[in-house]
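Starting from two chains that each stand alone, build the complex the way the hints lay out.
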Amino acid sequence: MLLPMSDTIIELRSVSKSFGSLMALKNVELRVERGKFVTLLGPSGCGKTTLLRLLAGFDTPTSGEIFINGRSMASLPPEKRPVNTVFQSYALFPHMTVFDNVAFGPKLKGLGRKEMERQALEALEMVNLVDLAGRRPNQLSGGQQQRVAIARAVVNKPLVLLLDEPLNALDYKLRKAMQIELKQLQRKLGITFIFVTHDQEEALSMSNQVVVMNHGCIEQVGEPREIYESPRNLFVARFVGEINVLDAEVLSSNGGGVLEVALEGRKMKLHKTSNGHKANGWKAFGPGDRVHVLVRPEDLRVYRREDIEPEDASDFFPATVEEAIYKGATVDLIVSLASGGRLSASQFFNEDDDQLEFYRGEQVFLDWVQGWEVVLPHES
Amino acid sequence: MNRDGLFKRVSVNAIALWLVLFVLAPSVLVLASSLLTRGDAQLVRAPLTFENYRRIVDPLYLDIFLSSFYLAALSTLICLMVGYPFAYLLARTSPRYRRNLLLMVVIPFWTSSLVRTYAMIIILKTKGLLNSLLLWAGVIHEPLTILYTDAAVFVGLVYSLLPFMVLPIYASVEKLDSRLMEAARDLGASRAATFVRVVIPLTMPGIIAGSMLVFLPALGMFYIPDLLGGAKTLLIGNLIKNQFLSARDWPFGSAASVVLTLVMAVMLLVYYKSVRATRRQEPA
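Protein chains in written order, with the working numbering: chain A, 1 to 380; chain B, 381 to 664.
Only chain B is shown next, with the shape it has when bound in the complex (with noise of 0.2 angstroms):
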């Protein structure tokens, strides 16, 4: 056996060896756990029950899984209309300035997300920075409420999401061929129409890859209603959070977990399909 042949087993089982590891026996786990009934003494014991998943039929339960996709898609929304056209001026622009934009883009994942979920409240708090500056323009006379509202966790989402909105829009908007939008116009379409019938169809893929990564950690991410939003509204994430660390109840959390997992699954699916039936239209 010669050494790439060697290298290339080592590295496909050690990945292999990874995603059993860390990937499927966790999620064979939670499976597992949420099939099972709660206890006192331990975390989990049996009888074997779907009494789990019947409790999140609960309109309760329901309301919240409702609730979360309401915020993570409306989050998904603000997140294309000001992503879409920063990512197209950003595939348009000069290189030159292209790079630095970019960068910007990017920085902000040099630091964990929950830190800056922190400097969001100093931003956003009554008497916060946001407020302090707007009282010193004369633009309002008295503080704004905005932490702890509904406002405060869409600012938060969309803040710390966008990037993921950006970056694959760019991507497609990069690729697209000036020349089409040149053709378009030179067949009697005005520059809005050509943006409909051409442009967008075109980086529909960027769009779509975009409002996934955007949408599916929307859902999950729980630190930032719990810190903007005051814990007030729960979410999908926190429910799940404090199944596990507040309530104890780790079989009705796993069960939660799943649905939400199976959801997700669903929206890559029909992400995939929609990705492949777009790539067909794509010159060879």
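The following block holds chain A by itself, in its conformation from the complex (with noise of 0.2 angstroms):
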């Protein structure tokens, strides 16, 4: 079956995959976009690595189907699509030289033996290993065999590009240096890269699109911002990164634009802003409802008693300061709040206070940038 040429490169309809009893993937459905930088996120066991060799071919969904290019990859083994893999232990050929792992597509396409060397050394060249294309891989150290797997995948010129946590081994240093590294290749070739990792920061600041995964379902699909700041439910906040989360009960709704909610003993309004996103939901909520209050820990702001004028503290949260961390670009804090509740903070150094010396059994206020905060249906 063939669809129109469109911007869609990978279509996955209500795809499922289960080994025995597990699901490992259950009805999904994807689009993405040609030449996007996707990532795939979610903790180990979500069904990410499932869905990437779903792409690649080597196992096939138990029901659905994917397209890629348009084209059905059913009954199409791994070696006739359009797909290359960088694989998370690089699985480079250890009895071929560096160069004969490169050219293992070249040759098999059976193009000439020049055209074959020119395509391996240009694709060497791409990721500076042309000095080492003599070595065998093992006497390559880890960020070199990771570049090899690059090369050897992309060489090929596919039109997705398959990366299976392939920065786990690396050091956190050369790690980061990677990510920038196929950040510019991914732009350089305008292929479509599918990147799996556990790593939130990673998928974050890597792509244009993240699918957050759990238990073989899709989360969320969308910006690296939107998910982070418009998380759709508790896992997705939870999981791209740290975030407090507070219960309250809504008292009232002015029908979309104002919540009044009942919140660690105050009642406090909720203002939709302009950030679209945050208002999905809203609507919904009405008076009695249990609703999740959520803020990031740099978002809120941690003032001193002599910080405030004492009319107002009743528009702060009162807290205990309970352990400070250093961090040295922040501070990070632990504070529970009279209802025992507990929270962290980090706190960024800047000109205004350059001493955030905060002491243990320290009463601190707490407040947060009006509307900056994720309000979420409860869930139990």
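Check before you lean on any hint, since a few could be wrong.
Reference listing, derived: stretches of chain A covered by chain B, where coverage requires no fewer than 3 residues with Cβ under 8 angstroms from a Cβ of chain B [unchecked claim]:
{"id": "1", "stretch": "69-80"}
{"id": "2", "stretch": "89-95"}
{"id": "3", "stretch": "98-111"}
Bear in mind the hints are in silico, worked out from the structure with no lab data behind them.
In this text the structure is predicted, and so the values were computed from the model without any measurement.
For every residue, glycine included, the Cβ atom is placed at its ideal position computed from N, Cα and C.
This is the structure:
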């Protein structure tokens, strides 16, 4: 079945995959646009690697259909698909040199010797490995092996490059460097990248689009900022970064713009902001509904008693500092509210308070920028 | 001196003594007798001579060497053809079946190879089990003559030596990372191309080890050609046995042994070199 040419490069139609009694993917629907850097993000066992293997053709879906570039992938073996994979452990051929590893694909295409060599060298040049072409994979460092794996895949000029947690084995610094390199490579080649990771920071910093998965289902698809600032549920909110969850009860709603809630024994008005995503589902809240109010640690503002006017104290949440952790760029505080709830708050150093010194047991006052909170229906 | 040091010294010396007594000394004796002359009263006597080695180059004996090598090589090839697919499937099957299958490979070792060869006679003889079965099934109408032909010798050798081919190949296939096969498919290789370009090169150490373990014994297993082949074709193993037991020409038998040992030594050398070469290619 052929779909009209469009900007959609990958389409999954209610794809399920089960291994015995285990459902690894449940009716997954997904569209990926051509030329995007898309990350599949989720904890281990969420089905992200299974999804990648279905795209590569190593496994076949139990039900549903996969289209790549408008073409159904059913019954198409891996070697006939317009995709290539960068494996988690690189899976370089140990019995071949770096050059032969990269030339493996072009050789199989039956290209002439010259053309084959030209393409392989070009790919090696792209990852700065021409000097090491004669080495064997086990003579290379982890980062170099990673580059060979990338060159070996992109030399075939796939429509989609699949990357299965490719940076996992690298140390922190190298990982950061490779993130930037991959991003630049993707821009240069214009190939669609499907990047699997369980590292939310990696997902947010590298992708155009993040697909958050859990238990074989897609929880949310969106741009990194959307995922981070307007998570659709508690799982997404918690998975893409640390977040404080406060329970509240809706007192009144004016039908969309403003919610009045009871939060930590205080009446509080939550305003819908210009940020459209956040308003999702607001209309549905009515008096008596229980909701979660979510605030990221970096959005919480912490004041000392002397920083606020005594008559304004009722506008803040009083709390006690339990722990102050110096992190270099920030000071992370663990504070406990009067209700016993614990929150974490990251305070950045700036010219106003270069002395972010908080003491355990110190009384502080909290608030956050109006509208930066996320309100979600209560999940039991 | 502590107890560990003592234990180490005692065990190393015990092994060294064993090797000297039962490997080095007999080999030296064989080498020495190969340089002596045949005696009627004594087994060997002076003078020293190279006569025994000169006799081996005689076309008659050269022929025996060649046909022995041919038989061993062909048996090895058949073992490889049969053993590789079996070992491959064995290594790739689910662990539950694997244990039982492996057990079935090993069980024959519990019985002496000589006894099993006699059992083969019962199966292969004209009125044996195989012919009875085939006649009963209507596949053939008169019994096949298998026993005392080259075919019977091959059947016997392959049957006896197959486990030595299967086990090393099994070990190397089991070590093979299945992601390498997926990577090959991903890069455009069909199943067949993946097998030729990735699976075979990476299981080569197992193939070479298995071939060695089959080829070398196949050269020396004199009782199988004797019992199943009817002692019609003289092989190197039979030649040596006959020189010692029937012809009572110990010096010539020793010379043939020395030559055979040297040939095997050269082949083992080649094997170790090739294993070292492939091992260098494995990931660190």
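Hints, verified against the model:
Remark: the stretch 69-80 of chain A is confirmed as covered by chain B, as 3 of its residues place a Cβ nearer than 8 angstroms to a Cβ of that chain, reaching the required three. Under the rule that three or more residues need a Cβ within less than 8 angstroms of chain B, the assignment of the stretch 89-95 of chain A holds, with 6 such residues. Look at the stretch 98-111 of chain A against chain B: 4 of its residues bring a Cβ nearer than 8 angstroms to a Cβ of that chain, three or more, so the hint holds.
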